[in-house]
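**Student:** These protein sequence lines are chains Z and L, in that order.
Sequential numbering of the first sequence, starting at 1, is according to this note's numbering.
Sequential numbering of the second sequence, starting at 1, is according to this note's numbering.
Hints in this document: simulated from the structure, not taken from any laboratory.
Treat the hints with care, since some could be wrong.
[Unchecked claim] The list that follows gives simulated cross-link-like pairs (lysine-lysine, DSSO-like), each with its CA atoms no further than 30 Å apart:
| id | chain 1 | residue 1 | chain 2 | residue 2 |
| --- | --- | --- | --- | --- |
| 1 | L | Lys71 | Z | Lys492 |
| 2 | Z | Lys575 | L | Lys155 |
| 3 | L | Lys24 | Z | Lys493 |
| 4 | Z | Lys564 | Z | Lys350 |
| 5 | L | Lys52 | Z | Lys574 |
| 6 | Z | Lys484 | L | Lys52 |
| 7 | Z | Lys134 | L | Lys137 |
| 8 | L | Lys155 | Z | Lys492 |
| 9 | L | Lys137 | L | Lys100 |
| 10 | Z | Lys217 | Z | Lys227 |
| 11 | Z | Lys484 | L | Lys24 |
| 12 | Z | Lys134 | L | Lys73 |
| 13 | Z | Lys134 | L | Lys105 |
[Claimed, not checked] Reference excerpt, derived from the structure (chain L facing chain Z, CB under 10 Å, subset only):
| id | residue |
| --- | --- |
| 14 | Ala48 |
| 15 | Tyr59 |
| 16 | Thr63 |
| 17 | Asn69 |
| 18 | Thr70 |
No residue lacks a Cβ here, since even glycine has one placed at the ideal position from N, Cα and C.
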Amino acid sequence: MINLTINNINVEVEPGATILDAAKKAGVNIPTLCHLDLHDINMVNKAGTCRVCMVEVAGRRALAPACSTGCAEGMSVVTNTPRAISARRTMVELLLSNHPSDCLVCAKNKHCDLQTLAADLGVREIRYRGARSKHAKDTSSYSLVRDPNKCILCRRCETMCNEVQTVGVYSAVHRGFNTVMTTAFDNPILDTACTFCGQCASVCPTGALTFVNDVPKVWKELTDPDKFVIVQTAPAVRVALGEEFGMDAGSRVTGKMVSALRRLGFSKVMDTDFAADLTIMEEASELVHRLQHGGPLPILTSCCPAWVKFIEHQFPELLDIPSSCKSPHEMFGAVAKTYLAEKLGVDPRKIVVVSIMPCLAKKYEAQREELAENSEIKNVDYVLSTRELAAMIREAGISFADLPDGDFDAPLGQSTGASVIFGTTGGVIEAAVRTANAWLTKNDSGKVDFEELRGMDGVRVATVNVAGTELTIAIANGLGNARKLLEDVRDKKAVYHAIEIMACPGGCVGGGGQPYHNNDYELIRKRAAALYSEDKDKPLRMSHQNPDIQTLYAEFLGEPYGEKAHHLLHTDFKKRDL
Amino acid sequence: MSEFSSQLSELDAFIDGLDTLEGKLIVVLHKAQDVCGWLPAEVQNHIAHRLKVPASKVYGVVTFYSFFNTKPKGRCKISVCLGTACFVRGAQGIAEEFEKRLNIKVGETSGDKAYSLDSIRCVGACGLAPVVSVNGKVYGRVAPADVDGILNEHK
Chain Z
1 MINLTINNIN VEVEPGATIL DAAKKAGVNI PTLCHLDLHD INMVNKAGTC
51 RVCMVEVAGR RALAPACSTG CAEGMSVVTN TPRAISARRT MVELLLSNHP
101 SDCLVCAKNK HCDLQTLAAD LGVREIRYRG ARSKHAKDTS SYSLVRDPNK
151 CILCRRCETM CNEVQTVGVY SAVHRGFNTV MTTAFDNPIL DTACTFCGQC
201 ASVCPTGALT FVNDVPKVWK ELTDPDKFVI VQTAPAVRVA LGEEFGMDAG
251 SRVTGKMVSA LRRLGFSKVM DTDFAADLTI MEEASELVHR LQHGGPLPIL
301 TSCCPAWVKF IEHQFPELLD IPSSCKSPHE MFGAVAKTYL AEKLGVDPRK
351 IVVVSIMPCL AKKYEAQREE LAENSEIKNV DYVLSTRELA AMIREAGISF
401 ADLPDGDFDA PLGQSTGASV IFGTTGGVIE AAVRTANAWL TKNDSGKVDF
451 EELRGMDGVR VATVNVAGTE LTIAIANGLG NARKLLEDVR DKKAVYHAIE
501 IMACPGGCVG GGGQPYHNND YELIRKRAAA LYSEDKDKPL RMSHQNPDIQ
551 TLYAEFLGEP YGEKAHHLLH TDFKKRDL
Chain L
1 MSEFSSQLSE LDAFIDGLDT LEGKLIVVLH KAQDVCGWLP AEVQNHIAHR
51 LKVPASKVYG VVTFYSFFNT KPKGRCKISV CLGTACFVRG AQGIAEEFEK
101 RLNIKVGETS GDKAYSLDSI RCVGACGLAP VVSVNGKVYG RVAPADVDGI
151 LNEHK
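Kindly generate the complete structure, drawing on both the sequences and the hints.
**Tutor:** Okay, here's the thing in structure tokens:
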């Protein structure tokens with residue numbers, strides 16, 4: 001152990017600890033900007049580029065960056081001398097001298113670390129006037145917006161994309177003042193292997209990486225008297241939306257969310273959870289079919305569009321193993337514009353399906369051309385993130401906390417507990433196992449809670465007894481973890497029956513479209529716990545028990561995994577270049 | 001076999017001969033530029049694929065070092081040293097003479113790909129300042145009047 005003092009407070013730290021670690025232990029706050037420690041997902045960004053954490057170390061002439069200076073025995077550190085504070089302010093002023101000052105209209109207004117830091121340090125003027133970076137904004141994609149002029153070169157996005165997700169889209173390019181975080185050959189991000197998971201935007205401290213705002217388009221549809229606008233909400237939204245209105249992480253606001261959507265003017269407020277139950281009907285049938293017909297195994301879940309794009313780019317040789325199921329919100333769209341349209345007597349061309357998702361990749365997914373009935377009728381028309389829905393609610397002046405609880409509209413609104421847990425890592429495969437087990441044992445009162453599939457670890461493997469057969473199931477969240485699993489499958493180093501993969505750490509509760517977690521993964525754990533508690537409170541907890549699902553098959557689809565279901569609810573994947 | 005694919009196989013043979021792929025990006029980029037004359041996107045992508053590093057990383061390294069070319073170079077590569085010693089002994093005038101003769105600017109390549117003109121910073125021969133290097137051959141104490149002769153030698 002190493003003993004040192006921070007502001008005259010004695011601290012003992014492990015060898016290898018930085019001054020920043022020691023200060024945290026001593027209860028001393030040192031401001032940081034580029035530094036990011038997400039130890040829950042083994043991500044540490046210690047680029048040391050921003051120099052905002054400068055402190056005085058006794059005996060050293062120069063100030064030292066606390067984030068990347070190791071502790072030494074007997075070290076005496078002072079964090080708040082006038083010299084250190086003034087150096088920090090100077091650093092921030094220098095960053096601001098090459099930063100657009102359009103905070104009032106910036107997408108990250110009130111969520112920007114640079115803005116907060118400048119306010120905390122009392123920066124009231126920028127004394128430096130120098131050259132300004134002039135880079136083109138990248139608005140090529142349906143999900144992400146890149147504005148390199150707002151980048152402070154902290155490298156968080158690069159660490160997230162390269163090390164956690166192993167996609168490797170970003171790198172620092174060129175040198176000195178011309179350095180810019182960009183893609184290979186400066187290609188538009190739409191033309192890269194980017195999966196649009198949005199995790200880069202989740203950790204970007206400024207407005208350099210933000211998301212495509214589809215709110216104006218949805219407002220326009222809502223005011224068009226010719227349109228019938230149906231909204232659906234993903235499971236993970238209902239346990240995170242409250243955070244946008246000052247509620248604790250993990251607050252369950254399903255009822256308030258439904259009321260808010262109704263007040264926003266949607267014609268029908270329905271639930272992606274219904275479609276998650278539908279997904280299980282198809283996916284569990286596919287699993288049972290593959291188990292009984294000699295594979296191919298493992299079956300991979302296909303709900304996560306970022307993960308689907310990842311396998312298309314990175315493992316094209318494995319494209320025969322993902323389930324052919326569309327993702328739940330796309331299934332919802334397909335059913336809404338056929339079955340529901342017929343039931344309501346509405347022309348499907350007039351129906352607009354809006355998905356509220358914790359996800360930025362779903363925005364891109366909705367534009368995939370095969371996810372449409374024809375050129376006029378897409379399965380899903382617009383995708384709004386949790387943050388965009390919160391923005392709409394604020395714009396409309398709705399007092400969210402005071403809303404009464406509302407209920408989803410029938411018939412695409414009823415759901416079981418199995419669908420609710422789709423929003424967390426391990427949830428989809430647990431839902432599939434619940435139904436497969438009940439079907440194969442012909443017993444609905446058997447096991448429901450498969451605790452062995454739960455948890456937050458990046459890769460988990462569990463053996464589950466399904467009707468007397470031991471199924472080996474693997475679960476990955478985070479694309480780097482998915483890569484490890486897929487390499488083992490490709491190289492035949494491991495044999496699994498089924499694999500669930502979610503691109504975002506923690507699953508959809510940690511999605512790129514969720515309220516900013518401000519680098520606190522405890523938040524994501526609380527959201528996941530809230531989903532499991534909502535599951536527990538549901539009277540029906542297995543997807544095939546959903547009576548509206550049973551009616552849908554009886555009245556319209558026929559057999560699960562049958563011909564009509566194939567046409568409407570299944571899709572295919574294509575090889576993409578790296 | 002096209003010229004490009006034979007260049008790629010020469011590069012592949014070089015990569016196959018490495019004892020490890022780790023930390024070899026710059027070595028491989030040197031070889032690639034040696035073989036291809038410059039580093040087009042296809043070559044950078046190929047190297048990324050072979051060394052299992054993201055293409056963005058390769059592009060980042062290529063753009064960081066001025067030695068690596070992302071534009072094709074002429075058969076005759078002229079480099080005028082504009083380092084301190086050469087500069088104070090009139091290197092700028094020599095660069096301008098080349099620009100005038102070749103009708104291209106420093107950093108450019110002639111339309112027929114015959115010549116490219118670059119500035120460099122010190123070749124370590126300050127005693128011979130001002131210095132010009134053409135395809136690796138170094139000319140010392142160059143005067144603007146020597147430019148024609150140098151060009152004739154490399155026709």
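**Student:** Give a verdict on every hint.
**Tutor:** Tested hints:
1. L:Lys71 - Z:Lys492: Violated, at roughly 43 Å.
2. Z:Lys575 - L:Lys155: violated, 49 Å
3. L:Lys24 - Z:Lys493: holds, 28 Å
4. Z:Lys564 - Z:Lys350: holds, 23 Å
5. L:Lys52 - Z:Lys574: holds, 22 Å
6. Z:Lys484 - L:Lys52: Roughly 15 Å separates the two Cα atoms, so the pair holds.
7. Z:Lys134 - L:Lys137: violated, 39 Å
8. L:Lys155 - Z:Lys492: Given pair lysine 155 (chain L), lysine 492 (chain Z) is violated - Cα atoms ~59 Å apart, limit 30 Å.
9. L:Lys137 - L:Lys100: Holds - the C-alpha atoms of lysine 100 (chain L) and lysine 137 (chain L) are around 22 Å apart, at most 30 Å.
10. Z:Lys217 - Z:Lys227: holds, 13 Å
11. Z:Lys484 - L:Lys24: Measuring from Cα to Cα gives roughly 23 Å; hence the hint holds.
12. Z:Lys134 - L:Lys73: Cα-Cα ~28 Å, so holds.
13. Z:Lys134 - L:Lys105: holds, 24 Å
14. Ala48: holds, 8 Å
15. Tyr59: holds, 5 Å
16. Thr63: It holds, given that the least Cβ distance between threonine 63 (chain L) and chain Z is near 5 Å, below 10 Å.
17. Asn69: Status violated, d = 14 Å.
18. Thr70: Given a least distance of 9 Å, the restraint on threonine 70 (chain L) holds.
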